[in-house]
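Protein chains in written order, with our numbering: chain A, 7 to 298; chain C, 7 to 298.
Treat the hints with caution; some may be incorrect.
No farther apart than 35 Å at their CA atoms in a straight line, the calculated lysine-lysine pairs in the DSBU-like style are these [said to hold, decoys possible]:
#1 C:Lys151 / A:Lys214
#2 C:Lys151 / A:Lys174
#3 C:Lys210 / A:Lys157
#4 A:Lys151 / C:Lys174
#5 A:Lys157 / C:Lys151
#6 C:Lys157 / A:Lys157
#7 A:Lys157 / C:Lys13
#8 A:Lys157 / C:Lys178
#9 C:Lys157 / A:Lys214
#10 C:Lys174 / A:Lys157
#11 A:Lys174 / C:Lys157
Derived list of chain C stretches under chain A, where covered just means 3 residues or more per stretch with a C-beta under 8 Å from a C-beta of chain A [unchecked claim]:
#12 135-143
#13 197-209
Covered, in the sense of this in silico footprint (three residues per stretch, anywhere, with C-beta under 8 Å from a C-beta of chain C), are these stretches of chain A [to be verified]:
#14 126-137
#15 186-199
Since the hints were derived computationally from the structure, they do not count as laboratory data. All values reported here derive from a predicted model rather than from experimental measurement. Just so it is clear, CB atoms sit at the ideal spot from N, CA and C, and this is done for glycine as well.
Number of protein chains: 2
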Amino acid sequence: MAETSTKAEYVVGVDLGGTKIYSGIFDNSLEYVGTAKVSTKAQRGTDAVIERIARCVQDAVDESDLSLKQLRGIGVGAPGAVDAEAGSVIFAPNLGWRDKPRHVVGIFVGTGIGGGLVLNGEPYRGANHTGGEIGHMVIDVDGPKCSCGNKGCFEALASRTAIFQQIKTAVKNGQKTLLTEMLGNDLEDLRSGDLRKAIRRGDKFVEKVVEEAAEYTGIAVANLVNLLNPEIVVLGGGVIEALADEMMAIIVEMARDCILSGTSKDVQIIASTLGDNAGITGGAVLAKRLTK
Amino acid sequence: MAETSTKAEYVVGVDLGGTKIYSGIFDNSLEYVGTAKVSTKAQRGTDAVIERIARCVQDAVDESDLSLKQLRGIGVGAPGAVDAEAGSVIFAPNLGWRDKPRHVVGIFVGTGIGGGLVLNGEPYRGANHTGGEIGHMVIDVDGPKCSCGNKGCFEALASRTAIFQQIKTAVKNGQKTLLTEMLGNDLEDLRSGDLRKAIRRGDKFVEKVVEEAAEYTGIAVANLVNLLNPEIVVLGGGVIEALADEMMAIIVEMARDCILSGTSKDVQIIASTLGDNAGITGGAVLAKRLTK
Numbered sequence: 007m008a009e010t011s012t013k014a015e016y017v018v019g020v021d022l023g024g025t026k027i028y029s030g031i032f033d034n035s036l037e038y039v040g041t042a043k044v045s046t047k048a049q050r051g052t053d054a055v056i057e058r059i060a061r062c063v064q065d066a067v068d069e070s071d072l073s074l075k076q077l078r079g080i081g082v083g084a085p086g087a088v089d090a091e092a093g094s095v096i097f098a099p100n101l102g103w104r105d106k107p108r109h110v111v112g113i114f115v116g117t118g119i120g121g122g123l124v125l126n127g128e129p130y131r132g133a134n135h136t137g138g139e140i141g142h143m144v145i146d147v148d149g150p151k152c153s154c155g156n157k158g159c160f161e162a163l164a165s166r167t168a169i170f171q172q173i174k175t176a177v178k179n180g181q182k183t184l185l186t187e188m189l190g191n192d193l194e195d196l197r198s199g200d201l202r203k204a205i206r207r208g209d210k211f212v213e214k215v216v217e218e219a220a221e222y223t224g225i226a227v228a229n230l231v232n233l234l235n236p237e238i239v240v241l242g243g244g245v246i247e248a249l250a251d252e253m254m255a256i257i258v259e260m261a262r263d264c265i266l267s268g269t270s271k272d273v274q275i276i277a278s279t280l281g282d283n284a285g286i287t288g289g290a291v292l293a294k295r296l297t298k
Numbered sequence: 007m008a009e010t011s012t013k014a015e016y017v018v019g020v021d022l023g024g025t026k027i028y029s030g031i032f033d034n035s036l037e038y039v040g041t042a043k044v045s046t047k048a049q050r051g052t053d054a055v056i057e058r059i060a061r062c063v064q065d066a067v068d069e070s071d072l073s074l075k076q077l078r079g080i081g082v083g084a085p086g087a088v089d090a091e092a093g094s095v096i097f098a099p100n101l102g103w104r105d106k107p108r109h110v111v112g113i114f115v116g117t118g119i120g121g122g123l124v125l126n127g128e129p130y131r132g133a134n135h136t137g138g139e140i141g142h143m144v145i146d147v148d149g150p151k152c153s154c155g156n157k158g159c160f161e162a163l164a165s166r167t168a169i170f171q172q173i174k175t176a177v178k179n180g181q182k183t184l185l186t187e188m189l190g191n192d193l194e195d196l197r198s199g200d201l202r203k204a205i206r207r208g209d210k211f212v213e214k215v216v217e218e219a220a221e222y223t224g225i226a227v228a229n230l231v232n233l234l235n236p237e238i239v240v241l242g243g244g245v246i247e248a249l250a251d252e253m254m255a256i257i258v259e260m261a262r263d264c265i266l267s268g269t270s271k272d273v274q275i276i277a278s279t280l281g282d283n284a285g286i287t288g289g290a291v292l293a294k295r296l297t298k
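Could you build the full structure based on these sequences and the hints that come with them?
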């Protein structure tokens, strides 16, 4: 039987989302060796969610045939305003960009909308380490109420929650859609991937809702480009991942329409290539840095 | 007769606004020794405006009993996206903040709306030196058309141009206001100070227009605070200077309502104390730095 190393040489990245917790174990070269996923169950409260994070990490450790002793550190990407000095991650940039003098805006469209800024090559944190609240940029002062209390936040217009809410309200008001044929009238198990399926089967209603979310996203991108003049804007998160083909062209077109002439004409606006692994990879990068 | 020094020991700051050009001559201690003001006449084209800048500088030199030979450098604060490396200023921070590790957002509400970011203690420029386009942040997707082509930019909602446009349109449609008694029906010579006078004489219409502009400004401040988590937001420019008593309390209240709880609760939101001299002082600081 081969001897198993028990040196603490692995790091864990955790992506704490509004819907699911996703964790990955990474080796020293930041190749991942195992992952696990559990639902977040945010409604059960903070303690329950923390327990579920621990369970998710344990599951990923088991999946990787390792023991907890072999873990050197853990990096957690969490939604909302978090304090990096106190141990949480605000934004973990894509691996390839480490130590490069780039200005990057990251936008993650999922249950909510999160974001991160890399300015002058460093994660930007602001005075109290709460910078990067892209999701609560008001872009429609008369828009729908957001969970934060404001009206017309980017998140209230283009997040999965906003898109689903709009679809469910329309269905209650008699809107016909393939989604109810696929999932029943309550649409309880609706996922971003279902929107893609409905659109590809010709559902014009769902197509329009997704198009509008993409247009709002494009306006938000333009606001950030006009303000921060980055080289790259990277879009990720579950909604973008499921609907990149449907949304990215519209996002890019709307953004380019709204970016001021003379500024940032050559900004790249791209979908993240890390997909679902962006969060855990970022967490692992941070864990590795902090335990150097 | 006392001998006059002809050493090049003075610097010039120029504030190039949409309505006026303002220049000031500063000595080595950055105390100003003379100023001059001419109207911009932007409609006459770039070459004419450049000539007018030169005339304004010459006027300030004459006013200061100096000659051009005694000038060491000139710093120009210009509206819109400008290239700092190519010789223009994007933002010249208030003197007191030089070399301090602060995060500052500057918002200047005048003919248009300009802004500047000092992040991690340094003027923030972005990839192509065009960062800081605060005035073209879209905050009302269905709002009025902006000169840039977008709809609902901050500048299209709260600049002097936007405020005046709204008042003039309302007057054409029969709105009664003290302003027409003061200035005649065409309101040709309308200035920000007239709005203050009308409000203080009890003009509820003008009060409402200015209040709405202040509310939009508060929302823009909150967007920037949520995004950049600065220690200080400084508001300046002709509109704020003329209407600080009428606008600042509303701006601060609306901003604090819209700033996310948990982020930046202690951010300071203040009116610039440099008033009309902010632009020329900033230009002089830059000129002094670049000619060291």
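Verification of the hints:
1. Simply put, lysine 151 of chain C and lysine 214 of chain A have alpha-carbon atoms about 24 Å apart, close enough for the 35 Å limit, and the pair holds.
2. As the CA atoms of lysine 151 of chain C and lysine 174 of chain A are separated by approximately 32 Å, the hinted pair is consistent with the 35 Å bound.
3. With a C-alpha separation of about 26 Å, the suggested pair lysine 210 of chain C and lysine 157 of chain A falls inside the 35 Å cut-off, and the hint holds.
4. Using a Cα cut-off of 35 Å, the hinted pair lysine 151 of chain A and lysine 174 of chain C holds, with the two alpha carbons roughly 32 Å apart.
5. Of the pairs offered as hints, the one joining lysine 157 of chain A and lysine 151 of chain C holds, with about 21 Å between alpha carbons and a cut-off of 35 Å not exceeded.
6. In summary, the hint linking lysine 157 of chain C to lysine 157 of chain A is supported, as the alpha carbons are separated by about 18 Å, within the 35 Å threshold.
7. Our distance criterion of 35 Å between C-alpha atoms is broken by lysine 157 of chain A and lysine 13 of chain C, whose separation comes to about 59 Å.
8. For the hint pairing lysine 157 of chain A with lysine 178 of chain C, the CA-to-CA distance comes to about 32 Å; that is within 35 Å, so the pair holds.
9. The suggested pairing of lysine 157 of chain C with lysine 214 of chain A holds, with an alpha-carbon distance near 21 Å, which does not exceed 35 Å.
10. Distance hint between lysine 174 of chain C and lysine 157 of chain A is fulfilled; the C-alpha atoms sit about 29 Å from each other, no more than 35 Å.
11. Pair hint lysine 174 of chain A plus lysine 157 of chain C holds up; C-alpha atoms about 29 Å apart against a cutoff of 35 Å.
12. A stretch counts as covered by a chain when three or more of its residues have a beta carbon under 8 Å from one of that chain; for the stretch 135-143 of chain C and chain A the count is 8, and the coverage holds.
13. Only when three residues or more bring their CB closer than 8 Å to a CB of chain A does the claim for the stretch 197-209 of chain C stand; here the count is 0, and the claim is violated.
14. Under the rule that three or more residues need a Cβ within less than 8 Å of chain C, the assignment of the stretch 126-137 of chain A holds, with 9 such residues.
15. Residues of the stretch 186-199 of chain A lying with their CB closer than 8 Å to a CB of chain C number 0, which falls below the three-residue condition for coverage.
In summary, the structure is inconsistent with hints 7, 13 and 15 from the numbered list given earlier, while agreeing with the others.
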